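Can you build the whole structure from these sequences, using the hints too?
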Amino acid sequence: MELGLALLERLEGDVALSPYGLARALDVIRRGASGATRKALDSVLGDAPPVVDGILSAQAAWLGKSYSAGPKLTLDTGPLDVARINAWSNEKTHGMIPRILEHVSEDEILAVTDAEYLDAKWAAPFEHTRPAPFEGAGEVAMMSVSGSFEHGDGAIRLPYTTGDLRFVAMLGEWRAVEWERGHGVVELPRFTTLSSLDLASPLTALGLGPAFELGYDLEDLVIGPGVKALSRILQRARVDVDEAGTHAAATTVVMARAVSAPMNPFHLIFDRPFTWAVEHAPTGTLLFVGRVLHPIERSD
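Reminder that position 107 of the sequence shown reads as 107 in the UniProt record's numbering, one-by-one numbering, no gaps.
Hints should not be assumed to be uniformly reliable.
Stated by the list, open to error - Here are the in silico distance ranges between beta carbons for each label pair: (1) D153 <-> R31: 36 to 44 Å; (2) L11 <-> E127: 29 to 37 Å; (3) R291 <-> Y216: 28 to 36 Å; (4) E213 <-> M170: 47 to 55 Å; (5) V259 <-> G207: 19 to 27 Å; (6) P225 <-> T283: 29 to 37 Å; (7) G138 <-> L11: 19 to 27 Å; (8) G136 <-> G207: 54 to 62 Å; (9) E127 <-> G215: 30 to 38 Å.
Think of the hints as simulated: they come from the structure by calculation, not from any bench.
Quick caveat: nothing in here was measured; it's all calculated off a predicted structure.
Positions of the beta carbon are idealized from the N, C-alpha and C atoms, including for glycine.
Put into structure tokens, the structure is as follows:
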């Protein structure tokens, strides 16, 4: 299932979410990850998100003291600071997301941020707005427009003038629809949705759990002391839909933490018979193998 729809199933109430912004932020982590973290990100994300015309995107990385960008972290970087990150979010979302971060924990050493901003006008603007009932919400401002649209069973596609983008709405839950074009009237409520989401738990349920376990999987992403792991994945999003079009923005922040590596995490003594091999790591091909029962040093 597409990431956004899988997350939507796990979130309650009115929700605005940018799976595109989330995937772009996590893809930065994936490019610098290895081991179980890389496998988990591959499983959750699938293919890398495409470049989409018509939406403004921006990314940056923010590093704690004593840490620097690894060879796989190629974004512009700045100091890990709440005020700086929030100012960046406010600028890149044109004021729609003025704050994304409330604090940085003592053990957090990296933030990867992604901002998405959309200002899309309807190809056919809504013509009339009137008070009308909406199930469970009382009276709302109901917009209406007539024209030729792609539609299906309780579903509509409304094109924008921006790129190849369109607004899709379905009564009830998201589902497969057989689309056809026809002339008719569409009535849609004017609405604003604001969401502040902590996505660590639903993403863990989707298979991202290994990325939150401390280890050495992020060494190509951030250089500095300690064992590292993801700590938080946050997103704030706002969507305004009115007679003229759709105004939307989202900022995603993926945080990583580090803790001191344990001193002498293990002590393995080969003081009894053992087997050994010289192995080609990429293929597992064994070039030499042997067994040692009586260690004998060279005498020549």
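Okay, the hints, checked on the actual structure:
no., hint, in the structure
1, D153 <-> R31: 36 to 44 Å, "holds (41 Å)"
2, L11 <-> E127: 29 to 37 Å, "holds (33 Å)"
3, R291 <-> Y216: 28 to 36 Å, "holds (31 Å)"
4, E213 <-> M170: 47 to 55 Å, "violated (38 Å)"
5, V259 <-> G207: 19 to 27 Å, "holds (24 Å)"
6, P225 <-> T283: 29 to 37 Å, "holds (33 Å)"
7, G138 <-> L11: 19 to 27 Å, "holds (23 Å)"
8, G136 <-> G207: 54 to 62 Å, "violated (33 Å)"
9, E127 <-> G215: 30 to 38 Å, "violated (58 Å)"
Hint compliance for this structure: hints 4, 8 and 9 are broken, all remaining hints hold.
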